[in-house]
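Q: So the protein lines, in turn, are chains E and W.
Take 1 as the starting number for the first sequence in the working numbering and just add one per residue.
Take 1 as the starting number for the second sequence in the working numbering and just add one per residue.
Read the hints as simulated data drawn from the structure, not as lab findings.
Values in this document were obtained by computation on a predicted structure and should not be read as measured data.
Glycine residues also receive a C-beta, built at the ideal position from the N, C-alpha and C atoms.
Hints should not be assumed to be uniformly reliable.
To be verified - Residues on chain W that point at chain E, a partial pick, calculated with CB under 7 Å: (1) G58; (2) V72; (3) N79; (4) A90; (5) M175; (6) F179; (7) V189; (8) A193; (9) S196; (10) V217.
Said to hold, decoys possible - No farther apart than 30 Å at their CA atoms in a straight line, the calculated lysine-lysine pairs in the DSS-like style are these: (11) E:K69 with W:K124; (12) W:K101 with E:K69; (13) W:K101 with W:K124.
What the hints assert, rightly or not - Using C-beta positions, here's what the derived DEER-type ranges look like: (14) E:V77 with W:P68: 30 to 40 Å; (15) E:H100 with W:G123: 52 to 62 Å; (16) E:V77 with W:S2: 41 to 51 Å; (17) W:G123 with E:K69: 43 to 53 Å; (18) E:K69 with W:F152: 37 to 47 Å; (19) W:F152 with E:E65: 18 to 28 Å; (20) E:L89 with W:G36: 18 to 28 Å; (21) E:T7 with W:N4: 36 to 46 Å; (22) E:R33 with W:L186: 29 to 39 Å; (23) E:P86 with W:P16: 25 to 35 Å.
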Amino acid sequence: MSTFLNTDMVALILMCAVATFATRIGGYMLMARMKSIPPRLDAALNAVPAAVLTTLVAPAFYAGEIDIKIAMAVALVIGLRFSVMPMLLAGWCIVMVFRHLL
Amino acid sequence: MSSNSDFAEGLRGAFPIMASAAPFAVLFGAVAIANGQTVAEAALMSATVFAGASQLVGIELFGHKVQPWLIVLSVLAVNFRHILYSAAIARFISHFTPLQKIIGFHLLTDPQFAQSVQRGESGKKVSFAWYLGFGVMIFVPWVTLTVAGGIFGRLVGDPRIIGIDVLLPIYFMEMVLGFRRKAGFLPIVVVSALASVLAYRYVGSPWHVSIGAVAGVALAAFLPSATAGAEEPVE
Chain E
1 MSTFLNTDMV ALILMCAVAT FATRIGGYML MARMKSIPPR LDAALNAVPA AVLTTLVAPA
61 FYAGEIDIKI AMAVALVIGL RFSVMPMLLA GWCIVMVFRH LL
Chain W
1 MSSNSDFAEG LRGAFPIMAS AAPFAVLFGA VAIANGQTVA EAALMSATVF AGASQLVGIE
61 LFGHKVQPWL IVLSVLAVNF RHILYSAAIA RFISHFTPLQ KIIGFHLLTD PQFAQSVQRG
121 ESGKKVSFAW YLGFGVMIFV PWVTLTVAGG IFGRLVGDPR IIGIDVLLPI YFMEMVLGFR
181 RKAGFLPIVV VSALASVLAY RYVGSPWHVS IGAVAGVALA AFLPSATAGA EEPVE
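Build the full structure now, drawing on both the sequences and the hints.
A: Structure (structure tokens):
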């Protein structure tokens, strides 16, 4: 079994924590200083989460085996109508069928 | 003083949210173990970062052996929306003491933001007691269930056997879909997807995240909708 707490890992976690806290207090501090955000900067900031998250989805599909590809494709179709739980359930069922029944 | 009843009201109000977030705390714990964290480290991350999506992104990248600075940057990117939250919530919590603000901002999750704004706009006071009760009802189970998920994950061993590896990409996909009514969604996502797959194929694993993200963000800044949609109110 690995160690209880690894120094490098704790440092990484705390850096993530500081970054997150900065976003949580940042808007409050910005409000005191800035009147408005330039539209192009606003559009760029708005696109950050979708762009980052897409880079975690597309390569996973590209690199995944056939079970992952089918599960993700089905989840996408379900996701156009339903919320996250049905998507996860469907994808998980497909993968489990591939791995344990086929 | 009504602070006790406010605290209790906060606890009650957050209960359904906690119930729907619970599976993700368990999932995070299990994925964290699968990607090389210990149970204690997973619990520390849940308590100090306390932002589910970014925790899952962080642990996924850690599993890919991505450089630490890029993990921190990605966590920052996923949590960027909090800047809008803390800006929008400012007028409702200006009466908090500095210490209460620090605690309050640490507890500022999506539901905490939504409910606080709703409460404030309905004319009720967003008291610290209510805010703390609401936050505690999410925070304590979040950390506790991370530990439970971690212990479960350690018992199972290989995450593929119980199909955990498919859950993260689908979870992230749902988050991407959540932005689909935003201006420029489709071109941004298509460009990020293509750039990240090409980078994954030709540059190598950690770089596909930053290359794909930069491509999408750069496109967003230069889309016509960047300036056209500027007057629309933020939802």
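Q: For the pair supplied as a hint, K69 of chain E and K124 of chain W, confirm whether the alpha-carbon distance does not exceed 30 Å.
A: Roughly 49 Å separates the two Cα atoms, so the pair is violated.
Q: Can the hint on V72 of chain W be confirmed by a CB-to-CB distance to chain E that is less than 7 Å?
A: It holds, given that the least Cβ distance between V72 of chain W and chain E is near 5 Å, below 7 Å.
Q: Between T7 of chain E and N4 of chain W, does the beta-carbon spacing fit 36 to 46 Å?
A: With Cβ atoms ~42 Å apart, the hint holds.
Q: Using the Cβ atoms, figure out if F152 of chain W sits within 18 to 28 Å of E65 of chain E.
A: holds, 25 Å
Q: Does V189 of chain W meet its interface restraint, that is, does its C-beta lie within less than 7 Å of any C-beta in chain E?
A: Since chain E brings a Cβ to about 5 Å from V189 of chain W, closer than 7 Å, the hint holds.
Q: Take a look at whether the Cβ-Cβ distance between K69 of chain E and F152 of chain W falls inside 37 to 47 Å.
A: Cβ of K69 of chain E to Cβ of F152 of chain W: about 27 Å, so the range 37 to 47 Å is violated.
Q: With a cut-off of 7 Å on the beta carbons, see whether N79 of chain W makes it to chain E.
A: At about 4 Å, which falls below the 7 Å cut-off, the nearest Cβ of chain E leaves the hint on N79 of chain W intact, so it holds.
Q: With 30 to 40 Å as the target window, see if V77 of chain E and P68 of chain W comply at their CB atoms.
A: Holds: the Cβ-Cβ distance is about 37 Å, inside 30 to 40 Å.
Q: Next pair to validate is K101 of chain W with K124 of chain W; report whether the Cα-Cα distance is within 30 Å.
A: holds, 19 Å
Q: For the hint on G58 of chain W, does the least C-beta distance to chain E fall short of 7 Å?
A: This hint holds: G58 of chain W lies near chain E, its Cβ roughly 6 Å from the closest one there, short of 7 Å.
Q: Using the beta carbons of H100 of chain E and G123 of chain W, state whether their distance is inside 52 to 62 Å or not.
A: holds, 55 Å
Q: Is the shortest C-beta separation between A193 of chain W and chain E less than 7 Å?
A: holds, 4 Å
Figure legend: structure checked against the earlier numbered hints; hints not met, in rising order: 11, 12, 18 and 23.
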